[in-house]
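Trainee: Now for the letters of each chain:
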Amino acid sequence: MPCVWHKRATAVVVHQVAERVEALGQFVMKTRRTLKGHGNKVLCMDWCKDKRRIVSSSQDGKVIVWDSFTTNKEHAVTMPCTWVMACAYAPSGCAIACGGLDNKCSVYPLTFDKNENMAAKKKSVAMHTNYLSACSFTNSDMQILTASGDGTCALWDVESGQLLQSFHGHGADVLCLDLAPSETGNTFVSGGCDKKAMVWDMRSGQCVQAFETHESDINSVRYYPSGDAFASGSDDATCRLYDLRADREVAIYSKESIIFGASSVDFSLSGRLLFAGYNDYTINVWDVLKGSRVSILFGHENRVSTLRVSPDGTAFCSGSWDHTLRVWA
Amino acid sequence: MAGVRAGAQMPHLSKMERVVVSMQDPDQGVKMRSQRLLITVIPHMVAGSDLVEWLIQKYCISEEEALHLGTLLVQHGYLYPLRDPRCLVLRPDDTPYRFQTPYFWTSTLWPATELDYAIYLAKKNIRKQGALVGHEKEHYGQLHRKINHAWDLVVTQAREQLRAAKQRRKGDRLVMACQEQTYWLVNRPPPGVPSVLEQGPERSSCTAGQAQMSPQGLPSNCSPPGPFQTKNIDFYKREMELCRKALGRARVKSSVCLEAYLKFSSQRELHDPIMSGCLPGNPWVTDDDTYWTMNAPSVAVPTKLRVERWGFSFQELLEDPVGRAHFMAFLGTEFSAENLSFWEACEELRHGGQAQVRAMVDAVYQQFLAPGAARWVNIDSRTMERTLEGLHQPHRYVLDDAQLHIYMLMKKDSYPRFLKSAAYKDLLAEAVIPPEAKKRSRLAHRVFPFMRKLPHSSPSPALLPAATAGGPECGEGGA
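Residue numbers (this note's numbering), protein chains in the order written: chain A, 1 to 329; chain B, 1 to 479.
Errors might be hidden in some of the hints.
To be verified - Take a look, some chain B residues computed to stay more than 12 Å from chain A by CB distance:
#1 Pro11
#2 Met16
#3 Leu69
#4 Pro92
#5 Tyr117
#6 Trp184
#7 Gln267
#8 Asp287
#9 Gly332
#10 Gly352
#11 Gly372
#12 Pro461
As the list claims (entries may be wrong) - Quick look at which bits of chain B chain A covers, simulated, 3 or more residues with Cβ under 8 Å:
#13 190 to 202
#14 234 to 244
#15 251 to 262
Treat the hints as calculated values from the structure; they're not laboratory data. All of these numbers come straight from a predicted model, not from anything done at the bench. Heads up, the beta-carbon is just placed ideally off N, CA and C, and yes, glycines get one too.
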């Protein structure tokens with residue numbers, strides 16, 4: 001299997017070019033907003049395209065939409081299940097999707113009508129046979145991609161709830177997914193408890209590439225902004241960069257003092273920085289090109305469960321088991 | 001058995017254990033000494049400050065990080081403070097700590113059984129009446145009710161353990177009591193203290209699913225509808241297919257790929273607000289959202305950086321509504337605007353609702369592909385033939401080939417011309433370069449963040465039918 005010789009040749013390839021890259025200066029990022037309002041662990045968050053609103057979900061079933069710039073809560077709904085591990089904002093900004101231990105993904109239209117109960121217009125879209133771990137709208141409000149503990153990913157039509165395509169291949173729970181920012185293709189990457197990251201063709205349902213170098217569950221995957229590579233964060237305390245054209249791992253971001261799993265990763269707008277939230281309550285900032293750590297951010301009082309850079313790259317938001325979300329800039 | 005499971009599911013435990021083992025190395029480890037506790041002398045103690053120093057040296061980290069890591073070791077019960085055992089924190093002073101015995105390591109004994117906990121509480125209760133604190137009393141009561149049938153066993157065990165302990169030296173007895181107490185502080189934390197052992201919903205892993213042969217008679221295209229793939233014939237067929245694909249795939253040299261990252265990231269560095277800042281100022285830092293107003297999706301006059309980005313890639317241009325609008329206007333001057341309209345219609349089809357697929361395919365055909373269509377697009381004959389064939393069975397991807405053809409046409413032909421056109425050059429020249437916002441009094445910003453007027457809100461996209469279009473605001477808002 002090709003993956004076997006990858007393991008032997010796992011020299012951190014990115015070092016080849018590292019010398020030519022200027023080191024980054026002193027890095028200062030602080031918490032600029034703290035969002036308090038969840039009564040329990042925050043498990044997932046997503047940004048709205050307007051660059052300031054976010055949706056977050058927690059263990060007690062609460063899903064909240066915030067204007068994180070003003071820290072006002074704008075919507076709140078309580079799901080009929082606990083551990084809402086996935087949530088996503090629709091591209092239009094007019095709806096949110098969420099799910100968790102209910103094995104479903106539901107879509108809630110956002111309404112400002114005081115008389116209307118948000119839960120009343122809820123639409124049940126996806127049905128899996130195990131927990132929902134991740135969900136994402138595709139380029140429009142009308143399709144949703146889901147990942148589940150039942151080992152599959154699936155693409156759904158929101159309006160009818162029809163299953164458009166399913167993706168089989170993971171040998172265990174799928175924990176995360178990310179859509180490729182590609183101009184022509186329809187692909188996405190998923191990561192799971194089988195330690196594999198798999199790239200899928202949305203149209204055919206086929207796996208087009210697979211990578212297996214992590215030593216433990218892959219909690220998070222995120223594409224490099226050009227779409228030619230993706231990063232992953234795993235319980236083995238490392239983040240790795242996989243290049244799609246070279247078809248191999250090209251960098252490992254790790255440090256001996258980092259022994260807790262990475263739960264969530266995302267790139268800065270230029271792809272130069274990789275932000276990773278860890279189960280030891282910290283956020284490490286990595287220089288993607290040099291392979292070294294730029295900074296470590298303290299602040300959360302329990303594990304960081306979710307982390308996303310804002311759509312225009314001005315900040316990133318982290319959610320934690322300490323019940324809060326923080327916006328850093 | 002339980003230990004194996006714990007180690008596999010929580011890899012950080014074995015890593016922490018490696019750390020404490022190397023801390024106890026006679027040559028390279030932390031300096032050990034004996035400490036007097038009341039009238040007994042306890043050997044093999046380490047001072048908090050020595051632990052921190054050792055971590056700093058060993059891992060080349062800052063004091064803050066060493067303290068943080070050390071505290072996690074204490075919170076997971078691998079180290080315990082002898083004097084104040086309930087306070088699971090690492091103090092960078094001469095506070096004495098001891099290493100937990102491997103017998104009580106989280107990975108060895110996890111998960112802690114109710115029976116063991118009952119015995120521990122019973123021991124405490126017997127040894128000294130009223131020694132149980134609040135939550136322990138509650139748990140004791142609950143356990144008494146729950147395993148009432150086995151309570152005699154609990155009490156017998158407790159007495160037996162206490163008797164055996166009395167035969168040890170006072171120093172050893174004290175140490176063992178501390179070790180046991182630490183174990184239970186970690187496994188049954190008092191209310192208000194989050195459990196460090198909580199992992200979230202259970203996950204199944206590869207090791208759980210052993211290779212199984214599929215039942216006889218199952219057709220090859222039918223995999224068992226179980227929670228995850230058993231490693232049957234289908235699984236291996238898929239693996240082989242993946243390998244075959246991988247072997248046949250043209251690979252690019254990693255050095256070439258890395259060059260591409262270098263180029264991409266350095267090109268975008270000035271456009272990355274976290275790397276280079278943004279003008280007039282980062283809203284999250286200044287509490288002023290002018291930056292967003294000036295970069296609104298449909299602003300009248302785009303900023304210079306934004307117009308520059310349209311030159312980075314065709315995708316970048318199309319993704320920006322303002323860029324796309326200008327490109328459409330340019331195509332109009334070249335009488336090829338139907339190409340972009342066709343591409344947009346195909347995108348709508350691909351990402352639209354399932355129920356609309358048939359109607360949309362039809363509409364696109366009528367408008368762009370039918371002979372004599374009002375906005376006929378010029379596709380090569382082979383693609384056109386294939387597309388028209390496919391229209392008999394319309395689905396959302398039926399126009400993919402035609403869409404790709406037109407996309408590449410625009411990308412290779414119209415787009416480069418657009419970038420060289422006078423129109424684009426004018427846009428660059430007229431684009432706005434926001435001035436840097438006036439620096440506020442740094443003291444006021446830092447000392448009185450809450451005395452400032454709250455930043456004003458923006459309407460949610462859900463409130464309005466379309467994205468707001470606003471001119472840049474004058475002055476600074478929200479101060």
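Trainee: For Trp184 (chain B), is the shortest beta carbon distance to chain A beyond 12 Å?
Mentor: It holds; Trp184 (chain B) is separated from chain A by about 21 Å at its closest Cβ, greater than 12 Å.
Trainee: Report holds if the minimum CB distance from Pro461 (chain B) to chain A is greater than 12 Å, and violated otherwise.
Mentor: Given that some Cβ of chain A is not farther than 12 Å from that of Pro461 (chain B), nearest at about 3 Å, it is violated.
Trainee: Would you assess whether Gly332 (chain B), listed as outside the interface, keeps its beta-carbon beyond 12 Å of every beta-carbon in chain A?
Mentor: Given that every Cβ of chain A is farther than 12 Å from that of Gly332 (chain B), nearest at about 22 Å, it holds.
Trainee: With 12 Å as the threshold, tell me whether Gln267 (chain B) passes as away from chain A on beta-carbon distances.
Mentor: violated (8 Å)
Trainee: Would the non-interface assignment of Gly352 (chain B) survive a Cβ cutoff of 12 Å against chain A?
Mentor: Nearest chain A Cβ is 6 Å from Gly352 (chain B), so the label is violated.
Trainee: Confirm or reject the statement that Gly372 (chain B) sits farther than 12 Å, beta carbon to beta carbon, from all of chain A.
Mentor: Correct as stated: the minimum Cβ-Cβ distance to chain A is 29 Å, above 12 Å.
Trainee: Counting residues of the stretch 190 to 202 of chain B with a beta carbon closer than 8 Å to any beta carbon of chain A, are there 3 or more?
Mentor: Three-residue rule met by the stretch 190 to 202 of chain B, so holds; n is 3.
Trainee: Beyond 12 Å from every Cβ of chain A: is that where the Cβ of Met16 (chain B) lies?
Mentor: Per Cβ check, Met16 (chain B) is inside 12 Å of chain A; nearest 6 Å; violated.
Trainee: For Asp287 (chain B), which was marked as not at the interface, is the minimum beta-carbon distance to chain A over 12 Å?
Mentor: violated (8 Å)
Trainee: When you look at the beta carbon of Pro11 (chain B), is every beta carbon of chain A farther off than 12 Å?
Mentor: violated (5 Å)
Trainee: May I ask you to check that Pro92 (chain B) keeps its beta-carbon over 12 Å from the closest beta-carbon of chain A?
Mentor: holds (15 Å)
Trainee: Is the coverage entry for the stretch 251 to 262 of chain B by chain A consistent with the three-residue Cβ rule at 8 Å?
Mentor: As far as the stretch 251 to 262 of chain B goes, the hint holds, because 12 residues have Cβ atoms under 8 Å from chain A.
Violation of the numbered hints given earlier is confined to hints 1, 2, 3, 7, 8, 10 and 12; the remaining hints are satisfied by the structure.
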